[in-house]
Amino acid sequence: MKVSGPAIKFGSNIDTDVILPGKYLVLTSPTDLAKHALEGLDPSFPQKASKGIVLIAGRNFGCGSSREQAPLALKHAGVKCVVAESFARIFFRNAINISLPVIECRDILAAVNSGDEVVIDFNSGVVRNKSSGKSLSGVKLPSLIQEILADGGLIENLQRRLKKK
Amino acid sequence: MNITEKILAKASGKNKVIAGEIVDANVDVIMVHDLTGPLAIEAFNRIGVSRVWDNKKIVIILDHQVPAESVKAAELHKMLRVFAKEQNTHFYDVGRGGICHQVMPEKGHVLPGTVILGADSHTCTYGAFGAFATGIGSTEAAAVFATGRTWLKVPETMRIVVSGKFKKFTAPKDLILSIIGRIGVDGATYKAVEFAGSTVREMSVSGRMTLCNMAVEMGAKNAVVEPDKATEKFLQGRTGKPYDCFNSDADAKYEKTTELNISGLGPSVACPSSVDNIKPASELSSVSVDQAFIGSCTNGRIEDLWAAAEILRGKTVKEGVRALVIPASQEVYKQAVREGLLEIFTGAGAIVCGSACGPCLGGHIGLLAPGETCVSTSNRNFIGRMGSTKASVYLASPATVAASAITGHITDPNDLGA
Numbered sequence: 016m017k018v019s020g021p022a023i024k025f026g027s028n029i030d031t032d033v034i035l036p037g038k039y040l041v042l043t044s045p046t047d048l049a050k051h052a053l054e055g056l057d058p059s060f061p062q063k064a065s066k067g068i069v070l071i072a073g074r075n076f077g078c079g080s081s082r083e084q085a086p087l088a089l090k091h092a093g094v095k096c097v098v099a100e101s102f103a104r105i106f107f108r109n110a111i112n113i114s115l116p117v118i119e120c121r122d123i124l125a126a127v128n129s130g131d132e133v134v135i136d137f138n139s140g141v142v143r144n145k146s147s148g149k150s151l152s153g154v155k156l157p158s159l160i161q162e163i164l165a166d167g168g169l170i171e172n173l174q175r176r177l178k179k180k
Numbered sequence: 003m004n005i006t007e008k009i010l011a012k013a014s015g016k017n018k019v020i021a022g023e024i025v026d027a028n029v030d031v032i033m034v035h036d037l038t039g040p041l042a043i044e045a046f047n048r049i050g051v052s053r054v055w056d057n058k059k060i061v062i063i064l065d066h067q068v069p070a071e072s073v074k075a076a077e078l079h080k081m082l083r084v085f086a087k088e089q090n091t092h093f094y095d096v097g098r099g100g101i102c103h104q105v106m107p108e109k110g111h112v113l114p115g116t117v118i119l120g121a122d123s124h125t126c127t128y129g130a131f132g133a134f135a136t137g138i139g140s141t142e143a144a145a146v147f148a149t150g151r152t153w154l155k156v157p158e159t160m161r162i163v164v165s166g167k168f169k170k171f172t173a174p175k176d177l178i179l180s181i182i183g184r185i186g187v188d189g190a191t192y193k194a195v196e197f198a199g200s201t202v203r204e205m206s207v208s209g210r211m212t213l214c215n216m217a218v219e220m221g222a223k224n225a226v227v228e229p230d231k232a233t234e235k236f237l238q239g240r241t242g243k244p245y246d247c248f249n250s251d252a253d254a255k256y257e258k259t260t261e262l263n264i265s266g267l268g269p270s271v272a273c274p275s276s277v278d279n280i281k282p283a284s285e286l287s288s289v290s291v292d293q294a295f296i297g298s299c300t301n302g303r304i305e306d307l308w309a310a311a312e313i314l315r316g317k318t319v320k321e322g323v324r325a326l327v328i329p330a331s332q333e334v335y336k337q338a339v340r341e342g343l344l345e346i347f348t349g350a351g352a353i354v355c356g357s358a359c360g361p362c363l364g365g366h367i368g369l370l371a372p373g374e375t376c377v378s379t380s381n382r383n384f385i386g387r388m389g390s391t392k393a394s395v396y397l398a399s400p401a402t403v404a405a406s407a408i409t410g411h412i413t414d415p416n417d418l419g420a
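Those protein sequence lines, which keep their order, are chains A and B.
Per the working numbering, numbering through the first sequence is continuous, rising by one, with the last residue being 180.
Per the working numbering, numbering through the second sequence is continuous, rising by one, with the last residue being 420.
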């Protein structure tokens, strides 16, 4: 699986309260959630992301609450993939489970600027900045997790596994 | 093996597990609440099974938007009520429970040696009882509803050994804030944190819950305390089920062991907008406050209310400051009524709200306007956490929050004077 798009860059410790503020947790439709994606840091983010982007971040992306509405809002706002130096574990699991591709990649913050075209190859774990020509090695996802992403999320993966039985 | 490894070995039917290994674990209990449950039910309905794997192992608690603050929230509550009835799961409605992390142990759903998953990040609180407990999202909760299993990576364990006695007006909240200040907000990411040492052994169950509750604020997967007589005493009358109390072996492996002595620790505060931005309360007297909040799954228990009441008794909340007190559960609320604590709080000019999460997550009740400041006993001070993105949140112990409510600025309770 390969994902590509222009980068939008944020810093470290981007928490789920700024990704999707608590007051919107009563919303259930992904399109409604998407309108408030990253509202805590940049209310114009959904507009900027609408054509499809790769979100680049520093350490501990998605820390805080377990709200799955955070990755859902990002995904439906147009985020095709999140590349971060590290992730908070619940966000990481949630993103995989709703099929938002995520990959850990050290030193990504220094290697990409907002607007650069980035390509992520999930089979090899390589993250390439097409604009600068530089490549970095991300942490390749285990096959179990790649399968969930390829199936379109945990529920779809479970449906397939239950059918097999 | 250490406690976390022993629990995960048992849950996955193995004699031994090692850190880094991925196990397929049986889940003993799964909990969802009103903000994570609806998405879980939607996902469950897509799986294609009609019944949950075990109705007696599923707990649904209304606590975030309680009582329903909007028609939308009322609809979500209704959806959960209907699902709980259809599937015959445990269900704690408005007025019957309180904050999920308080209700779960009170009602006997948390037992030592068990694996508990919760669709809430502060699920790690239950490690205070020697359980393996961690937060997950809604979709994963749905998968557990259907299968009763999940994959878990056995975490590396960081051991924190604490010795020394708490000084006056210094509490487990000050200890966990100072630990997060040292370790950093991502210093324990993916790890288990085992709290040990004489201070933890002498600590009440309530204090241990405060420690474990905030482990997620340094990125931890779970936190754990060895169960002992205090644990057993708490569980008496709350469960009839047998349980396993695991201890860490003398040769158990740890990624790191940190020893701390708290004899020099004083009231501490996490300043905006990061939980590891810790300063002594005594250095923050220039910070004036608009709201003081005592409550949440971190510090809404009876001991926390005692600490606040000791300071507020016979005093008045400063003009211009709103003080909110929210007992963590109906059980705590009832005890506070019986003991006359509500009279002390209302007498001081504080408002006492019904048991729920309240302003902690900025859902409803007690939100902040732009430019306002809240000193709070809750667990997160992120931008926009309690309302406006232009508001500031400072985290502290119940005693520090109560003292600050009286003076109108952040105050070390030791500086209150007679």
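Hints listed in this document are in silico derivations from the structure and should not be mistaken for laboratory results.
Each hint should be verified, as a subset may be incorrect.
[To be verified] Below, a list of computed lysine to aspartate or glutamate pairs in the EDC-like style, where the Cα atoms sit at most 16 Å apart:
no.	chain 1	residue 1	chain 2	residue 2
1	B	Lys74	A	Asp131
2	B	Lys392	A	Asp47
3	A	Lys24	A	Asp131
[Stated by the list, open to error] Pairwise CB distance ranges (calculated):
no.	chain 1	residue 1	chain 2	residue 2	range
4	B	Thr348	A	Lys180	58 to 66 Å
5	B	Ser284	A	Ala165	34 to 42 Å
6	A	Ser65	B	Lys281	51 to 59 Å
7	B	Lys281	A	Ser146	39 to 47 Å
[What the hints assert, rightly or not] Per the computed footprint, the stretches of chain A lying under chain B, defined by three or more beta-carbons under 8 Å from a beta-carbon of chain B, are:
no.	region
8	72-79
9	107-120
10	137-150
11	169-175
C-beta: ideal position from N, C-alpha, C; glycine also.
Comparing the hints with the structure gives:
no.: 1; hint: B:Lys74 <-> A:Asp131; verdict: 40 Å, violated
no.: 2; hint: B:Lys392 <-> A:Asp47; verdict: 23 Å, violated
no.: 3; hint: A:Lys24 <-> A:Asp131; verdict: 10 Å, holds
no.: 4; hint: B:Thr348 <-> A:Lys180: 58 to 66 Å; verdict: 59 Å, holds
no.: 5; hint: B:Ser284 <-> A:Ala165: 34 to 42 Å; verdict: 56 Å, violated
no.: 6; hint: A:Ser65 <-> B:Lys281: 51 to 59 Å; verdict: 41 Å, violated
no.: 7; hint: B:Lys281 <-> A:Ser146: 39 to 47 Å; verdict: 42 Å, holds
no.: 8; hint: 72-79; verdict: holds (count 4)
no.: 9; hint: 107-120; verdict: holds (count 4)
no.: 10; hint: 137-150; verdict: violated (count 0)
no.: 11; hint: 169-175; verdict: holds (count 4)
Violation of the numbered hints given earlier is confined to hints 1, 2, 5, 6, 10; the remaining hints are satisfied by the structure.
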